[in-house]
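Kindly generate the complete structure, drawing on both the sequences and the hints.
Residue numbers (the working numbering), protein chains in the order written: chain A, 1 to 251; chain B, 1001 to 1482.
FYI, nobody ran anything at the bench for these hints, they're computed from the structure. Quick reminder that beta carbons are idealized off the backbone N, C-alpha and C, glycines included. Be a bit skeptical, because a hint or two may be false.
Unchecked claim - Only pairs whose alpha carbons sit at most 25 Å apart, straight line, appear in this in silico DSS-like list of lysine-lysine:
(1) Lys102/A <-> Lys1471/B
(2) Lys141/A <-> Lys127/A
(3) Lys102/A <-> Lys129/A
(4) Lys1471/B <-> Lys110/A
(5) Lys1358/B <-> Lys1455/B
(6) Lys1045/B <-> Lys1032/B
(7) Lys1412/B <-> Lys1358/B
(8) Lys1455/B <-> Lys102/A
(9) Lys1046/B <-> Lys1160/B
(10) Lys1281/B <-> Lys1032/B
(11) Lys1266/B <-> Lys1281/B
(12) Lys1279/B <-> Lys1471/B
(13) Lys1455/B <-> Lys141/A
(14) Lys1455/B <-> Lys1471/B
(15) Lys127/A <-> Lys102/A
(16) Lys141/A <-> Lys124/A
(17) Lys141/A <-> Lys1471/B
(18) Lys1455/B <-> Lys127/A
As the list claims (entries may be wrong) - Looking from chain B toward chain A, a few residues come up when the C-beta cut is under 8 Å (computed):
(19) Gly1439
(20) Glu1443
(21) Phe1453
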Amino acid sequence: MALIEIRNLHASVEGKDILKGVDLVIEPGKVHALMGPNGTGKSTLSNIIAGRDGYTITEGDILLNGQSLLEMEPQDRALAGIFLSFQYPVEIPGVATSTFLKAAINARRKAAGDGEIDAMEFLKLVKAKAKELGVRDDMLKRPVNVGFSGGEKKRAEVLQMALLNPRFAILDETDSGLDIDALKVVADGVNALRSPDRSFLVITHYQRLLSYIVPDVVHVFAGGRIVRTGGPELAQELEAKGYADYTGAAA
Amino acid sequence: MAATDSTAQTVKELERYKYGFETNIETELAPKGLNEDIIRFISAKKEEPEWLLEWRLKAYRQWLTMTEPTWANVHYPTIDFQDAHYYAAPRQKVAPKSLEEVDPELLRTYEKLGIPLREQEALAGVAVDAVFDSVSVATTYKKRLEEMGVIFCAISEAVKKYPDLVRRYLGSVVPPGDNFYACLNSAVFTDGSFVYVPKGLRCPMELSTYFRINEKNTGQFERTLIVCDDGAYVSYLEGCTAPQRDENQLHAAVVELVALDDAEIKYSTVQNWYPGDAKGKGGIYNFVTKRAACRGRNSKVMWTQVETGSAVTWKYPSCILQGENSVGEFYSVAITNNRQQADTGTKMIHIGKNTRSKIISKGISAGYSDQTYRGLVRIQPGADGARNFTQCDSLLIGDQCGAHTVPYIETKNPTARTEHEATASRISEDQLFYCLQRGLNPEDAVGLIVNGFCKEVLQTLPMEFAVEAQKLVAISLEGSVG
Chain A
1 MALIEIRNLH
11 ASVEGKDILK
21 GVDLVIEPGK
31 VHALMGPNGT
41 GKSTLSNIIA
51 GRDGYTITEG
61 DILLNGQSLL
71 EMEPQDRALA
81 GIFLSFQYPV
91 EIPGVATSTF
101 LKAAINARRK
111 AAGDGEIDAM
121 EFLKLVKAKA
131 KELGVRDDML
141 KRPVNVGFSG
151 GEKKRAEVLQ
161 MALLNPRFAI
171 LDETDSGLDI
181 DALKVVADGV
191 NALRSPDRSF
201 LVITHYQRLL
211 SYIVPDVVHV
221 FAGGRIVRTG
231 GPELAQELEA
241 KGYADYTGAA
251 A
Chain B
1001 MAATDSTAQT
1011 VKELERYKYG
1021 FETNIETELA
1031 PKGLNEDIIR
1041 FISAKKEEPE
1051 WLLEWRLKAY
1061 RQWLTMTEPT
1071 WANVHYPTID
1081 FQDAHYYAAP
1091 RQKVAPKSLE
1101 EVDPELLRTY
1111 EKLGIPLREQ
1121 EALAGVAVDA
1131 VFDSVSVATT
1141 YKKRLEEMGV
1151 IFCAISEAVK
1161 KYPDLVRRYL
1171 GSVVPPGDNF
1181 YACLNSAVFT
1191 DGSFVYVPKG
1201 LRCPMELSTY
1211 FRINEKNTGQ
1221 FERTLIVCDD
1231 GAYVSYLEGC
1241 TAPQRDENQL
1251 HAAVVELVAL
1261 DDAEIKYSTV
1271 QNWYPGDAKG
1281 KGGIYNFVTK
1291 RAACRGRNSK
1301 VMWTQVETGS
1311 AVTWKYPSCI
1321 LQGENSVGEF
1331 YSVAITNNRQ
1341 QADTGTKMIH
1351 IGKNTRSKII
1361 SKGISAGYSD
1371 QTYRGLVRIQ
1381 PGADGARNFT
1391 QCDSLLIGDQ
1401 CGAHTVPYIE
1411 TKNPTARTEH
1421 EATASRISED
1431 QLFYCLQRGL
1441 NPEDAVGLIV
1451 NGFCKEVLQT
1461 LPMEFAVEAQ
1471 KLVAISLEGS
1481 VG
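Listed below in C-alpha cells is the structure:
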C-alpha cells in the first residue's frame, strides 16, 4: 500500500484557489522531489499535509497508510508520523533547543502510553545524533532557532527529524540559504535517514540539492498541480531548460 | 530535598487522627464588623503588650480618615468592611472532611502539579490537617535554626519573645498610615512570620512557610517582618504553587524587609490564590503592600514574584535604596486569564549614592483579563551615580485581553542613569504551528512558549520552586487557546 496518497486535492486560501487537483502517490522507502517555479503552491501543499490552519480543502483527500488525515489536528498528524522541515524554521525565545526536543519526544512517548524519557537517556541520544549532524552542543542550549545561521537552522531541523523518526518527511526548500558545505551536511543527514519504511517529499526550486539527495521520482509542480512526472533525469532537464515550459500552465 | 517531599515524608510518619475534628474544634469568632472593641478583642486574644494595642488603635483611627485608593486599573464592587469577621480561631468550621468533598477541578490541578496526596489535603483545607498541624518538620528545622541564632517564628510569638526587635522594626518600612490597606492591616493583623538573621550569618536553608504549615491559615491580614543584620543573608519563600482554598475574599497583607550593612534578602513569592471562575465569579482580592528597606551600605534585596492567582491583584513590592551601593531587584511574572485583573509592578526609590536597581517584568494576559504594569523609579537629589534598568515585556494571548504599561521615572540627580525597555507581543501562529507540527498539543505548546518568555524571571527562583512554577505557568493558561 502507498504510504502517502493524495487524491485530486483542491484547496483555497481566502477564496483564492491554490491547489487545483493534486494527485500524488508515494510508496514506502521512496524519495520524491517536487520541483517548480515559485508561487505555484508547493509550500501550500506541505502546510496542508501537515494540517496548518487557514486553508480550505474544497475537494479531494490525503491518506497516510490508507487513513484520511483531513480531520486530524496538526499534532495528531505529527504523532502519526508526518514531519515537516520548515523552509523558515520558527524562533522560540527562551526555550532551549534541548528542552524543545525533549517536549517533542515526550509528546510521542505520551501518545504511545510510555512515561517521560529519562534525562540521562535523552542527553545521550541527543548528543549522539547531534554529533552525526555536526550540531554543536552549545546549539542545544541556545533558544530554538534564535540567532541561528541559515545552516544551523536547517541542521537543527534535520536533527529534529532524526530524533522524531517520522514515517513521512517533507523537506520544504531545505536548500534555501545554505552554502555548499552546509548543503552536504544536511543532505548526508537526510540520506542517513532513508530506510525502506520511510518516505520523503523533497520540495526544491533547484536541482542542486538533488545531486546529494538523489530522488526516485521527480515531479514538476505548476499552476497548483503536478504537470509532469519522471525519474532523476527530469531534474537535470529542468536545470538545463528552466521552468519556462511550465509557467504557461500556471497562467 | 524539595519542600513538598519533605512535608509529605513527615506526614507519612504521622498517625491519622481517628475521630475527625468535630469533637474538639474550638471555633471562636469575633462578631462581624470593625471598631475599637474588636481591635482590643484581637489584641487581648493574642495577649499582646500595651504598646502594640496602642499601635493598632492609632492605625485604626488613622484608617477611619482614609479612603480606598482608586488609581489602579482594576474594577470590583465596593467592599463593605463592616461585613466581615476580623478574628476567627482556629479555623473556619466549613472545612471539607475529605478530598471527595473538594472541587474536582482543584484536585486535577494538584495532580498536574504533582502535589503529594496528603499535602493536597492540607492545601484544600481538609479537616485532617488538624493532625497535619503537628508536623515535626517545623520543629526540626526550627531547632536547627535556633542553634544558629536565626529567629523564625510567628509574629505573634515574636511579639512576646523578642519584643525589642519587633518594636524596633515593625512599621519602620511600611508605616501604619502608608496606605489604606496597609493601615487596615496594621489595625487588625492576626498573624504572619517573623525572621531575624544575626550578624554575619548566611542562613543555609530556604525559609519557607512550608515549614510552618500549622501557622499557615493566618487569615486575610497577614503581617511579615524580616530583618537581616550586618553581613547576613536569607532566602525566604512565600506561598505555594497549588491553588489554596480560602474563604476570605479580601487579602491585605503587609511584608516589611530590612537589610542592614552588607546584608542580602531574597524574597520569592508564588501567589496562586483562587482566581474566580471563568465568568469572573468569586476569587480573592489580593491587595498587598510589600516593601524593603536597604538601610545598610552594600545591602541587597531581590524580589521575585510569580503571580497567577487572585481575581484582583494590587501589589508593588518595592525597595528603598538608602544605603550607599545598595541594590534592589524586582523580577516578576504575572499571568492573568479569564476575567482576572492585575495591577502590579514595583517602586525603586534611590536615596543613597551609587544605588542600583533592576526591574524585569513579564506580563501575560489571556482570555478577557486585564493587566497593568505600574512602576516608579525615583532618583533623589543625593543619589549620585544611581542606575536603573527596567524591562517590561507583555505577551497577549487571544484578542479580548489587555496589557498596559505605566512606568514613572523621576530623576532629581543629573548623574543618574535610567533605562527603560518595553515590548508587547503575541504568541504567533507560526510558533504555535511549529510546536504542533512537532507533536505538542496546543496547551503544552503555549506553556512552553510562555515559559520561554518568562525564563529570565523563573530562573531567579530557588530550584524546588522553579520546577513547580514552570508547570504552574502552563496550568494557569489552560483553556486560553482554542
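Item to check | Contradicted hints - numbers only | outcome: 11, 20
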